[in-house]
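A.B. asks: First to last, the protein sequences are chains A and B.
According to my numbering, the first sequence holds residues 1 to 362 in order.
According to my numbering, the second sequence holds residues 1 to 309 in order.
Since the hints were derived computationally from the structure, they do not count as laboratory data.
One or more of the hints may lead you astray.
A few chain B residues facing chain A, derived, Cβ under 10 Å [to be verified]:
id : residue
1  : Ser213
2  : Gln216
3  : Trp220
4  : Arg227
For glycine and all other residues, C-beta sits at the position ideal for the given N, C-alpha and C.
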Amino acid sequence: MNRIGDNATVTAGLSLKRVHKSFGSIEVLKDINLNIKGGEFVVFVGPSGCGKSTLLRLIAGLEEVTAGEIIISGRDVTDTDPSRRGIAMVFQSYALYPHMSVAENMGFSLKVARRPKDELRRKVEKAAGTLRLTDYLDRRPGQLSGGQRQRVAIGRAIVRDPDVFLFDEPLSNLDAELRVEMRIEIARLHRELGNTMVYVTHDQTEAMTLADKIVVLRAGRIEQVGTREELYDDPDNIFVAGFIGSPKMNFFSARLDGGEIEIGGHRLPGPAVKTLSKGEITLGVRPEHLRLAEKGEPFFPFRVKFAEFLGGATYLYGDVGDGALCTIASDRKTQAKAGTELRVMADPKFMTAFDDKGVRVR
Amino acid sequence: MPAQTDISDSILEVPPPRRRRRRDWTGLLYVAPALVLVAVFFLIPLGMSIWMSFHAWPLIGVPRWIGLDNYARLWGDTSFWSALVFTIQYTIAATVGLLGVAFVLALMVQGEGRAIAFYRTAYFLPVVTGFASASLLWAWLSNVDAGLFSPLAQDLGMTDGRVNILATFTPAFWSVTIMVIWKMAGFYMVIIMSGLQAIPTDYQEAARIDGASWGQRFRWITLPLIRRPFALALILAVAGSMLAFDQFYIILNGGPQNQTVTVVYRIFNESFVSFRLGYGAALSVVLLVILLVLSVVQLWLLRDKGDQS
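With the rest of the complex left out, here is chain A (with noise of 0.2 Å):
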């Protein structure tokens, strides 16, 4: 975490002031507002039509803002050119010219420049060595894997020497294992350069491991900005807590009544929260959170419907007493036969909860 720091006074931040896009009569972007420092992977994350692509495109200049200022190195480029904003965008499709070679793809934008030829020569070299592509520059994008066209894709993007880095969606062409190993490498990208980068993605995954900072978006609005840490263990509200965390945080139907809870009828230790005393509330719990209750504790019945076993843990899926669907994350000695019910809780301060419009209540 200390590296944000390192870095803020050397690379360019971002800003967005009251940025709204509106297409026709339909408005995808309302009022955002965002900070990036200089150096600082952000990741723009949301569930598809949440109008994370379009604040990248208006980032890079494919689109105009219909309201709001983009400042990027403290310079309001708003109306300014894509090519001249400081930025450098690899594209879903990668979008890779097909009748260059790697090397023509990756020194494009310094022969438009018409930049001298071993200034070029001596950049895609350098960008090649980065991302292991020397052997390639030759070849034409359309005899390469997958893998490499992305890395074509980046290298393009290194060659433009760019303020910030804008991914719009990378590693979604690429088959499961590719992605790792390419966020990885994208990650050390990160570390190596130092730039700052902005990047898009619907996978929440992608979001926790390659964000220094994570932007939620839901219809066109940011709904929490923070660490990773941040969102996962205290979510603004309802939407977020669901979409950070894999598997999924739980949802019960609860009834506060002071430090209680009431679930289906059984009673137990509820959340502190100070701004409600009783009513009607759902709470969230995480399903790692949820354990085995010992004799003796307060417990809510979890109905088995379907285990998991995946190795080094359990995934019980089922429901409790109302009907809500439930998932445990237990460890890989909880064998559970579908039908059998247990008798589950989870510590007050690994509780969450949220009130009727599902905003925190803390």
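For this one, chain A is given, so just place chain B on it according to the hints.
C.D. replies: What follows is chain B alone, placed relative to chain A:
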């Protein structure tokens, strides 16, 4: 630890592969209609033409085998060679004009929108008129007395008195060429437009971020990526122009002073005016060979150099 036991030593017999070549004749059946069409309308007439070209073949009377005499005579036939020179001249003018106009139109109508759809249709509309009807329309428009161009030019004060644009070679030639461009540009527009639309917008956006201007994107992204549809349009335009006949026959009657007689016009004259069917066939065969060579050259010039690896 091996995951599976090695059984290779215990195998006695491998079952024979089933379903061998059972479907060969079905495939042939499926392509048969196409083969029959090609045979009846292309291969057999082609063979007959070649056969005829070795004969003195009058319309009425008995054909007489004369071997290569028709081809020998063709070698010294200046009227044929001048027709060929004129046809090539016309082909160059028409092809450059057609593809140039088609390209501009395609760039204009490649987007989305109701107005664009209207223009797309409007530009394509002349394509569906016949060459003969378009020629008749143009013959009327170009008429010195009853037409449009000459009286209009006079009324606007652009010319002193009526100028017959069909009476001298240059205006007559360009008049016909412009008619062809008006009539056919929409067709090539569609071919090139489909090529333009097939280029993913990501490429253009990536190039924009790379700092390429409109002109640079056109030169380095758009042009190379529409090579194939462009090659198709070029070959169709060249072949179509090399076979030009109707427009010169209807509008100009080969005039003024037989300066606008194309090769096909020449073949028509030999075969159906002078009734030297054998000689006409020999001219056709030579034209076919010329077209074949031209098409091969064009395909070679526009080949994708990356394809061979």
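A.B. asks: Can you verify the interface hint for Trp220/B: is its Cβ closer than 10 Å to any Cβ in chain A?
C.D. replies: 8 Å, holds
A.B. asks: When the nearest CB of chain A is found for Gln216/B, is that gap smaller than 10 Å?
C.D. replies: 5 Å, holds
A.B. asks: Quick one, is the Arg227/B hint okay against chain A at 10 Å, beta carbons?
C.D. replies: 8 Å, holds
A.B. asks: For the hint on Ser213/B, just tell me whether its beta-carbon gets within less than 10 Å of chain A.
C.D. replies: With a closest approach of 7 Å, the Ser213/B hint holds.
Comparing the model with each numbered hint stated earlier shows that all of them hold.
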